[in-house]
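Novice: So you can see what is in the structure, the chains are spelled out below.
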Amino acid sequence: MRRRYTLASFGRFYLALMLLFLYLPIVVMALMSFNSSPFYRLPIDWSLTWYSALAQNSRLIDAGLNSLWVALATTGLATVLGTAASLAFFRYDFKGKKVLQLLLFPPIAIPWLIIGTSMLVFFFWVGIGRGLHAMVLGHVALAIPYVIIVVSARLRSFDPHLEEAARSLGATSWQTTWRVTLPWTAPGLVAAALFAFAVSFDQFVISYFLSTPGVSTLPVEIYTAIRKGFTPEINAVSTIIIAISMALLLGVARFYRFGGER
Amino acid sequence: MARSAVAGAPGISRSRLTTIMVLTGPAYIWLVVTVLLPLSVMLYFSFLSDVPIGKRVAVLTIENYAAFFEKDFYRILMLRSFRLGAEVTFYCFLFGFPCAYVLAKVIKGRWREALFLLIILPFWSNALVRIFSWTMVLRGNGILERAVNWLIPDFGPLGLMFTYPAIIVGLVHSYIPYMILTCYISLQAIDDHLIEAARSLGAGRFTVLRRLVLPLAFPGILAGAVLIFVPVLGSFMEPRILGGRIGTFIGTIIEDQFTAVFNWPLGAALSFIMLGIVLLILLIGVPAVRRVI
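If you read the protein sequences in the order shown, they are chains A and B. With this note's numbering, you'll find the first sequence wraps up at 262, consecutive numbering, no jumps. With this note's numbering, you'll find the second sequence wraps up at 293, consecutive numbering, no jumps.
Across the chosen pairs, the derived CB separations fall in these ranges:
hint	chain 1	residue 1	chain 2	residue 2	range
1	A	L182	B	G54	46 to 54 Å
2	A	P43	B	I152	14 to 22 Å
3	A	I128	B	P157	46 to 54 Å
Source of the hints: derived by calculation from the structure; they are not laboratory data. Just so it is clear, the structure is predicted and the values come from calculations on it, not from any experiment. The C-beta atom is built at its ideal place from N, Cα and C for all residues, glycine as well.
Please take these sequences and the hints and turn them into a complete structure.
Specialist: Below you can see the structure in the form of C-alpha cells.
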C-alpha cells in the first residue's frame, strides 16, 4: 500500500514537470516582454517600453488588424457552411456520406506546407492571386472540418424525436431547424465559431504562402521579424497573441464541456 | 426510421436529395476548390519542365522526380527529415505516454479535467510564437544556461541554440500534447478491474504494462504517432528558427522552391514524393507493427 502511494505521488510530480516543460518558455517570453533591456539582461528591469514601442509600430498593428479581419470572415463563413453540412450528416443517411466525411481529413492530415504551397500554385494559376481574400479562402477550408467535428459531436446528444414532435405539431422543416435544432446546438455553435477563429488567428503556414510583401497577418510579420533578427517588440506582441488564443480556448472549453449538461 | 419523418416520405426523395445538396454543397464546393483542385494542379505542375506563367514554355516531363533519385542531396535530406520525424515521435511517446497514464489512472475528478485543459491549452495557441519562445530559453546567456551555471558553477556556455537538439526540443514541445491526448483517450477506456485482475493473478507491474496496457492503448499511441510524424516531416519554420544554418530539411528545401528559387515543379515533385513515402509507411508499416503487438 505504501509503495502504491509513493508511485502515485511520483506520477503527480512527473505531471508537474510536464506542465513546467509546456509553460516554461511561454512564461519566460512573457516576462522578457516586460524587461526594458533589449539584450534580455537579468535581473529584469520592469517596464512597458516594448508595449509602447508596439503601439507605435504601424506595420505590426496593420498586420494585427488584417489577422482580425481574416479571422472574423473565416469564423462567419466556416461556421455557417460547416453547421449546414453537419445538419445534413445528422439528419440523413445517404449514399456517399462516408466519402464526404472522409473528405474532411485531407485539410487536417496533409502537412500545411503542402496544402499552402498547392494553394499558392493554384490561386496564382487561375488568377485569384495572393492577399487577404486568398487567405480567407484557405483558412475557411482548414476550419470547416473542425466546425463539422465540433457541431456533430453536439448534435449526437440531440434527440431526433424532438424534431419529429415539432413536425407533427405542424412546424415546417425550416421552423424546426430554426426553433428546435439550432437552439439546442447553440453551445456547440459557439465552441465551433471560437475554434474557427482560433484556427485562422493562429494560422501561419497557409498565410505565409498567400501573403504579399505589403499585405500580411500578424504571425507572418512576426516570422519575418524573427528571421531578420532581434526585435524585442516581438516578445510583447507574441505575449498578447498567446493571451488572446488561450482566452479563446478557455471559452471553447467552457461551451464544449458544459454544453452536454445544459 | 425516426429520421425519415423529418426527411419526408420515400416518395418525395427528390426534395430530400435537394435538401442534402443545399446543406452539404457549399462546404464541399469550398473544400474542393481550395484543397482538392489545388492538390491536383500541383500534381500536374510536378510533371512540368517550367512554371507555365507568362511566356515560359512548359512541357511534360518526369525530370523533377528523376532529380530526386539521381541527386544524393535530396535523398539525404529526405532521410534526415524522416529521422527527425521518427525521433520527435519517439520522444513524444516516451515522455507523453507516462503523462497520459498518470492523468487517466492516478488523477481523479475535477483535478483531472483542470490538468487536462492545462495540457491542451498551449497546444492550441500559436505554434510560431511557442517555437519563438524557446529562443528566449535556449539562447546564449538565456534562462537555461544561467540555471545550469547556478546549479553547477563554472559550467560554461551550453551552446544549445541553433543545434539539432534545439530543433528536437522545440518540436517535441509543439507536438507532445497530441500524444498525451490520444493516449489518454485510449487509456481511459481500459477497465481498471482488468489491471487489478492481472495483478491479483500474479502479474508484475512491468508485465501488466507490456501485456495489457500497451496493447490496449496501441490505437491511441498509433494515432498520436501519425498525427506527429506527418506534420514534423513538413515542418520548415521550426528548423529555421531553432536550427539556424543547420536547420536544412526537406521541408525547408520545398519552401525554398516556392518562395526563393521559384522552381515550383521541383517543389511540387518533392512534396508528392514525401506524401508517397508517408502513404507507403502507413499502408505497409502500420499493419506490420500491429501484428507484432
